[in-house]
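Here is how the chains run, residue by residue.
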Amino acid sequence: MLKRILLAEDNENDLELTLTALAEHNLANEVVVARDGAEAWDFLCHKGAFADRNGGNPAVVLLDLKMPKVDGLEVLRRMREDPRFKAVPVVVLTSSREESDIVQSYKLGVNAFVVKPVAFDEFIGAVKNLGLFWAVLNEPPPDRISPASAA
Amino acid sequence: MKTPRTTIGRKLVTAMMLTSTAVLILAGIVFVAHDYTSSRRAMVQALVTRAHILAANSTAALAFQNPEDATQVLHALGTDPTMIGAALYDSHGQLFATFPARAKPGTVPAAPMATGHHFERSLLAISEPVVETGQRLGTIYLESDLRELNQRLHADAIVLLLSVFGSIAVAFALASWLQRGIAHPILALADVARTVSESKDYSVRSRTVGDDEVGILSEAFDQMLGEIQRREREVRLLNADLERRVNERTAELEASNKELEAFSYSVSHDLRAPLRHVDGFVELLTKHASSILDEKARDYLTKISAAAKRMGALIDDLLVFSRMGRTEMRKTSVNLASMTADVIQELRDDAKGRLVEWKLGELPTVQGDPSMLRLVLVNLLANALKYSGPTKEARIEVDARAQNGEVVVSVRDNGVGFDPAYTHKLFGVFQRLHGSNEFEGTGIGLANVRRIVSRHGGKTWAEGALHEGATFYFSLPR
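Respectively, the protein sequence lines represent chains A and B.
Note that the first sequence covers residues 1 to 151 in this note's numbering.
Note that the second sequence covers residues 1 to 478 in this note's numbering.
It is possible that part of the hints are untrue.
[Stated by the list, open to error] Derived lysine-lysine pairs resembling DSS-like cross-links, with alpha carbons at most 25 Å apart:
hint, chain 1, residue 1, chain 2, residue 2
1, A, Lys69, A, Lys86
2, B, Lys392, B, Lys359
3, B, Lys309, A, Lys128
4, A, Lys86, A, Lys107
5, B, Lys258, A, Lys69
6, B, Lys258, A, Lys107
7, B, Lys258, A, Lys66
Please keep in mind that the hints were generated in silico from the structure rather than gathered at the bench.
Note that the coordinates shown come from a computational prediction; the quantities given were computed from them, not determined experimentally.
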């Protein structure tokens, strides 16, 4: 069964291409889109526009790095500092191959770092693989793996 | 500070002692010599006076030819133990009377001597005429030993020795006391010099007072210290200024480096995204509208897509090139032989279906950044492989030799070569000597090679001719 994906992406075009790629492989149904880091954080915390949403943590967060308001690294940092989201898989999906970004992401505990290829066929392939792996194959951590519920 | 073999104090004492002793001995010798000669003169004078008295007393005896009387007169000499002998001669020169009265023959001369005196080894002899009222009656002869003279000489020597020893003792005491006044300021000065050199504290002053040369020396020393202190202060100020300027420059450089980094970061993020969109939507357009597009339109879409991909590749290469100039080098030992073998192994896929002969010479171990040097080898070997593509039997040789303290590595191929007229363009960014339809590539590889090698302190150059292959060289310091 398909699990929920949180896609944090500010760029309209990238969003469309990513969703198209996912749709091509029937992976787009359970995608929630956040247009910046703040929205992504709101979704995770059931706040703001997502105050009434149901369901727990997404199976994976696909995170763009360069976003308005709160950038991807900041979202990642907050997630890893928060016991509620510490275990949620995060994949950075970005244009940049900058070494500093890669190093910083792994230091903050990212699960994967994927550079969006310029060539569309490669891009489609990459997104498909990501979707298949994280939303189908991978078994996410049990919801609310917080110390409180574990006790 | 090492201990001197002798001290100034000791030298001064020795000098003073030697001087005073020499002066004393010289003065003593002069004094003794003078005393000796004046004593002799006085002795002669006394003997002559005695002879005159005896002569006056014996005129009657001579005049009346009475030797007993004369002997009696001479007998009076017996009271003087220094008198050895005496004689009276008559006017004919005949021995008339002697003292002692019965002197053995030969004790006194048989005939009168000439008037005057003479010293012999141990005696003084004088001879004087006996005259009365102008008539010469005879000659008197007296002999005295030199006992008194020798005794005096003896006493003189003892006095001299005693005074020399006494003076030496006094001189030693005086010199030891006086040398302190000279040696102490010098030692104090040496102490100050040592303190200065040990603590590097140039504010110390000797403050040795004195109106002599040591005083001048110490004043000069203090002046020198003042000068050193002033210079040191200047140097410190200069250093501080220099450090401040270096810090400023470093900050400026860091700022511009940061800007450069920010620039390349945004290039990496923001320039690639639109290209991805162009390619993505062209692809989607092709998919959705291919049925209503004619051949030409589809060809345009293919070209748009290719251009977007190429620009993506160019941006990627440019970012690598910029990173090669910015990233910190991590130098370690790099074994060029094994690294070259690795790179060739990696390139095997590109050479599939081709006849390529790889030839490796003896490659040394050098100091450098492994990932950067690897990029150099990848670029040069991939180029050799690429440009020898049209050659039936490709042959690529990698070799190294030592030259002027450097290692020169060469990569030779028998490919299409290049026109030597454009050698200067080979290593430029995005410079290509072949059309992209002929050989693909962005033209950044050799620019990277040059940048990396020059960051390692080496040089890059190439030799070649059209259709005759090319050889690329790079040098690395040993």
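We went through each hint and held it up to the structure:
1. Lys69/A / Lys86/A: 22 Å, holds
2. Lys392/B / Lys359/B: 17 Å, holds
3. Lys309/B / Lys128/A: 20 Å, holds
4. Lys86/A / Lys107/A: 14 Å, holds
5. Lys258/B / Lys69/A: Status holds; Cα separation ~22 Å.
6. Lys258/B / Lys107/A: 21 Å, holds
7. Lys258/B / Lys66/A: With Cα atoms ~18 Å apart, Lys258/B and Lys66/A stay inside 25 Å; holds.
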